[in-house]
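Protein chains: 2
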Amino acid sequence: MNFPSKLIEDAVTEISRLPGIGKKTALRLALHLLKQNEAVTEALSLALTRMREEVRYCKNCHNISDAEECSICLSHRRDKSTICVVEDIRDVLAIENTNQYQGLYHVLGGVISPIQGIGPEELNFASLLERVSKGEVAEIILALSATMEGDTTSFYLSKRLKETGVKVSTIARGIPVGGELEFTDEVTLGRSILTRINYSQE
Amino acid sequence: MNFPSKLIEDAVTEISRLPGIGKKTALRLALHLLKQNEAVTEALSLALTRMREEVRYCKNCHNISDAEECSICLSHRRDKSTICVVEDIRDVLAIENTNQYQGLYHVLGGVISPIQGIGPEELNFASLLERVSKGEVAEIILALSATMEGDTTSFYLSKRLKETGVKVSTIARGIPVGGELEFTDEVTLGRSILTRINYSQE
Numbered sequence: 256m257n258f259p260s261k262l263i264e265d266a267v268t269e270i271s272r273l274p275g276i277g278k279k280t281a282l283r284l285a286l287h288l289l290k291q292n293e294a295v296t297e298a299l300s301l302a303l304t305r306m307r308e309e310v311r312y313c314k315n316c317h318n319i320s321d322a323e324e325c326s327i328c329l330s331h332r333r334d335k336s337t338i339c340v341v342e343d344i345r346d347v348l349a350i351e352n353t354n355q356y357q358g359l360y361h362v363l364g365g366v367i368s369p370i371q372g373i374g375p376e377e378l379n380f381a382s383l384l385e386r387v388s389k390g391e392v393a394e395i396i397l398a399l400s401a402t403m404e405g406d407t408t409s410f411y412l413s414k415r416l417k418e419t420g421v422k423v424s425t426i427a428r429g430i431p432v433g434g435e436l437e438f439t440d441e442v443t444l445g446r447s448i449l450t451r452i453n454y455s456q457e
Numbered sequence: 256m257n258f259p260s261k262l263i264e265d266a267v268t269e270i271s272r273l274p275g276i277g278k279k280t281a282l283r284l285a286l287h288l289l290k291q292n293e294a295v296t297e298a299l300s301l302a303l304t305r306m307r308e309e310v311r312y313c314k315n316c317h318n319i320s321d322a323e324e325c326s327i328c329l330s331h332r333r334d335k336s337t338i339c340v341v342e343d344i345r346d347v348l349a350i351e352n353t354n355q356y357q358g359l360y361h362v363l364g365g366v367i368s369p370i371q372g373i374g375p376e377e378l379n380f381a382s383l384l385e386r387v388s389k390g391e392v393a394e395i396i397l398a399l400s401a402t403m404e405g406d407t408t409s410f411y412l413s414k415r416l417k418e419t420g421v422k423v424s425t426i427a428r429g430i431p432v433g434g435e436l437e438f439t440d441e442v443t444l445g446r447s448i449l450t451r452i453n454y455s456q457e
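Protein chains in written order, with our numbering: chain A, 256 to 457; chain B, 256 to 457.
There may be inaccurate statements among the hints.
The list cannot tell twin chains apart, which means a pair is met if one copy fits it or any two copies do.
[As the list claims (entries may be wrong)] Below, simulated DSS-like cross-link-like pairs (lysine-lysine); rule was C-alpha separation at most 30 angstroms, straight line: (1) Lys-290 to Lys-261; (2) Lys-279 to Lys-414; (3) Lys-261 to Lys-414; (4) Lys-389 to Lys-278; (5) Lys-279 to Lys-290; (6) Lys-290 to Lys-278; (7) Lys-414 to Lys-389; (8) Lys-279 to Lys-335; (9) Lys-417 to Lys-278; (10) Lys-422 to Lys-279; (11) Lys-290 to Lys-414; (12) Lys-417 to Lys-261.
Since the hints were made in silico from the structure, they are not lab data. Model, not experiment: these values are computed from the prediction.
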């Protein structure tokens, strides 16, 4: 594309560095900003810069936070004996939105992926072991994606955590609520039979 | 969504003001920026602010420009007797990318749309008449979208331009190159028959 203006070209180049945004979308966004009041662009720029410069990570759970410790770790209402291990901050938000979990979190910052060169050392794993070693934790819930990398990480974590003697569980995999049996893939369906829930025990 | 950080929340709010970007995508983009080097966010903010503050519009054709006149208007290679009227700057880029047009442009800045309260006065129409009145223009090519608003605008412009005596044409509507006849909608197909091209005259 030949841009009539270097300023536009620069803006389009920078916007299209964002994931999932190509040159055409970037141009549409740039032209949209040009049509709006200057204050809109200013507010956007400022919010981005401030976020990038000032945001901090909770020293306990690595969740995003405005202070040294995040609001979840600081809250007196949370059950400090349970830690839910997740891949990133979006997963914390997703679980928080369910209103079903009252414990603390631990954000790994990724999953083990040999292809991308991410091993356990690249993840926030040492600090998890440290939290466990303090003796206040009764259960670790692994809430990682049901992908190859997620499963590998869960397997690795469960093995390493077994040494500490803490109870380790993982979130259930099965057919999603509202999902029809015949359209569920066979691996999921197979797993849901193997890990069936015993009504008579409840 | 409950955000663990006010800074993230502000950034997500500002990003999701952009067209076609919802809260979830905005959060994904914000977290992406957090994972990148600080320089990425800085470059993005700066490019956006500079673009919004410093970009100018060509005094002749209202195309985006870094100077008082755009590079197309200033070029000695362009045919100054033809003006192609388009809705916005993206259309200029689209036509430039075809490499089929050597004339000048005139960016209307929109199309007539009574529902959105856009009449001819809101568009860069007076300046088009002024350019025509200088007597150097031989042909005006209307290249507006084939929508109701685009057609209305074309009709209005062709009527008003008729008074000036300049030749007015519009880009061809028909089946797109590569398009199959049976999948072309009937209105397009009907028009393509009515405005058929006479081979024997060529």
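Consistency of the hints with the structure:
no., hint, result
1, Lys-290 to Lys-261, "both (18 angstroms within a copy, 28 angstroms between copies)"
2, Lys-279 to Lys-414, "neither (47 angstroms within a copy, 34 angstroms between copies)"
3, Lys-261 to Lys-414, "neither (55 angstroms within a copy, 37 angstroms between copies)"
4, Lys-389 to Lys-278, "neither (51 angstroms within a copy, 38 angstroms between copies)"
5, Lys-279 to Lys-290, "both (17 angstroms within a copy, 24 angstroms between copies)"
6, Lys-290 to Lys-278, "both (18 angstroms within a copy, 22 angstroms between copies)"
7, Lys-414 to Lys-389, "within (19 angstroms within a copy, 83 angstroms between copies)"
8, Lys-279 to Lys-335, "between (48 angstroms within a copy, 29 angstroms between copies)"
9, Lys-417 to Lys-278, "neither (49 angstroms within a copy, 39 angstroms between copies)"
10, Lys-422 to Lys-279, "neither (51 angstroms within a copy, 33 angstroms between copies)"
11, Lys-290 to Lys-414, "between (56 angstroms within a copy, 29 angstroms between copies)"
12, Lys-417 to Lys-261, "neither (58 angstroms within a copy, 37 angstroms between copies)"
When held up to the earlier numbered hints, the structure conflicts with 2, 3, 4, 9, 10 and 12 and fits the remainder.
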